[in-house]
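Chains A and B supply the protein sequences, listed in that same order. Those letters in the first sequence? Residues 0 to 155, by numbering that gives the first Met the number 0. Those letters in the second sequence? Residues 0 to 497, by numbering that gives the first Met the number 0.
None of these hints come from the bench; they were simulated from the model. There's no promise every hint is true.
Residues on chain B that point at chain A, a partial pick, calculated with CB under 8 Å [what the hints assert, rightly or not]: (1) Phe25; (2) Gly51; (3) Phe127; (4) Pro130; (5) Met168; (6) Tyr409; (7) Ser412; (8) Ile422; (9) Arg432; (10) Leu433; (11) Leu459.
Cβ coordinates follow ideal geometry from the N, Cα and C atoms, glycine included.
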Amino acid sequence: MNINTTKIISLLFFIFSVFYLYTAYQIQVFAFDENAPFNAKTFPIYLGYAGLFFSGLKLILPDPGTIKVEHKNLEYKKTAILIIIAIIYGATILKIGYFLTTSFFLFGSYYFLGERRWILMFLLSFPFVAAFMYLLHGVLEIYLRDPFLKLIGVMG
Amino acid sequence: MIEGILIGLSTALTLQNIFMVMIGCFFGTIIGMLPGLGPMTAIALMIPITYGFDPATGLILMAGVYYGAVFGGSTSSILLNAPGVPGTVATSFDGYPMAQQGKAGKALAIAAWSSFAGGTFSAIYLLFLAPSLSKVSLSFRSPDYFALMILGLTAIAAFSSKGQFLKAMMMVVLGLMLASVGQDSLSDITRFTFDNMNLTDGISFVLVVMATFAMSEALTIILKRNDPTAAAKQVSLTELGSIKIEKEDRKKMYKTIPRSSVIGFLIGVLPGAGATIASFLAYGMERNLVNDDEKQKFGKGSVNGLSAPETANNAACSGSFVPMLTLGIPGSGTTAVMLGALLGFGVQPGPRLYMTNPEIFWSIIMSMYIGMVILLILNLPLIPYIARILAVPKNYLIPLILFFSITGIYVMSFNNFDIYLMIGIAVVATFLRLYDFPMPPLILAFVLGGLMEENLRRSLLLSNGSWEFLWDRTLTLCILLTTAFIVIWHMYKTFKKN
């Protein structure tokens, strides 16, 4: 059997299905529901077996049209930086507030993707976020929590 | 029906809703023109904004985005030979050669008029078919619904997998597994939450759509070093030429449009099929129907060859609304996103939508037509300028897509956990995309997961745990036999290929 990444993904999915199925069997249902034709764990159990079936088939069947990805041509560094920036954004948004974190997130992302036109970068971060906030908060009345703007008295 | 049409018109023709259609068409055209970013991404990015409106307005906005994105895809097919969406690949066969002959303006006009006519015809079909089908579908019972959902999921896996049926079925199962997280709808027992309170209510639909489409599209673009805006920079405003369609060409279109609209609409109604198959079928059918002289022109700038797929893909878009509006079962990934949004509004699509929320039902149908008119009068003259907007560098485009995705989740939950979960799902989806695991089946399965479990529960309880419900009713049996045929056919094709 030829081992390629698609097979490895299928194997991971198979293992995931085993774990899912095990967890499905562990779901605690009410005593009176235990022998009912359908309870909270019936559907997940079927899903677990379906996962095993399809990933198992993918594993054992030959895969001549396998996808070959040239890892050398992939931009892992910038992608990883973007993901890290997004995680930092997610971690700080509630504490610092929407306006500052979003503006810095945009500014930082432009920078790490190689942009160096500072004025445009600024315009498409701080004023852009302010305008977007006005649209959401002011026009569409979608509440945006922002401790920073509340602190400086811009937002109520 | 007349009363319904009037209700729909009065809702769709309010100043706010016309403005929404315009915004939707414009925004959809921009996103649709970017290769790789299709209607699903465009609609996903719009969902958080639509929650600021009432359901009818929100859906009208999304319908506008949908049509705009399909039209935008055609534009990039013609001007750049880079189809923005799979449904417009066939458009490039004759649209791009026409543009290379210096007739880009004419090609765009043919595409716009064909789309408009296709949309008009299919809106008429929808107008008559949807209410009748709603009445028929009232006789559907839980086993039929369960079977229909199985058919929908199998069909979308079969048609969207590019020969990788098993991969698509794995994505279906993954989507259903994600949908099973959280409280069981009947017993309130929590499942797969691992004592995490944030998962008690399940995983948000918007989160999954944003992660698997908007965010993972953006990450894929960076990872693969693609630049969806690069081709747009080559478009020159002076090279488009006249948008006038000559009488001789109009005559050709008069024959092509009606037949392509029928095939497009019917294919669109089928679960899982949609605009891509409709456009290819219409192109193939047209090639067989024209005379030998015209046949020679196919692939070299044929008017029929351009008009047929354009008519069909727009007609298919309207057709795909039929199962969603009448049965509550979306037939495509895009309508699955819209169904999810409807559920978010607290509106349950299905046969009763026609009776309980006629203003939503009819205003969607009416707004489709208004969307077509707006696309024609607004987008056609603006296309060259929209193409220039697309020259925005990807260094700005990607962070903005990420920003809209994260903001979408933030305004819905004010929760860090959801943002982390979205990033996690997006990373996995990006990796899966690299190896051609399709995402539309996952979304459709995620949306249908709850409904599917509910209908299976009812069916099994009514039959005392016996699986006889699968063949007790002729309708259920017919649907399941169709599903079995699709599965066997695709397995056979896979084995034959191997």
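Quick rundown of the hints versus the structure:
no. : hint   : result
1   : Phe25  : violated, 16 Å
2   : Gly51  : holds, 3 Å
3   : Phe127 : violated, 36 Å
4   : Pro130 : violated, 33 Å
5   : Met168 : holds, 5 Å
6   : Tyr409 : holds, 6 Å
7   : Ser412 : violated, 11 Å
8   : Ile422 : holds, 5 Å
9   : Arg432 : violated, 10 Å
10  : Leu433 : holds, 5 Å
11  : Leu459 : holds, 4 Å
Checked against the numbered hints given earlier, the structure breaks hints 1, 3, 4, 7, 9 and satisfies all the rest.
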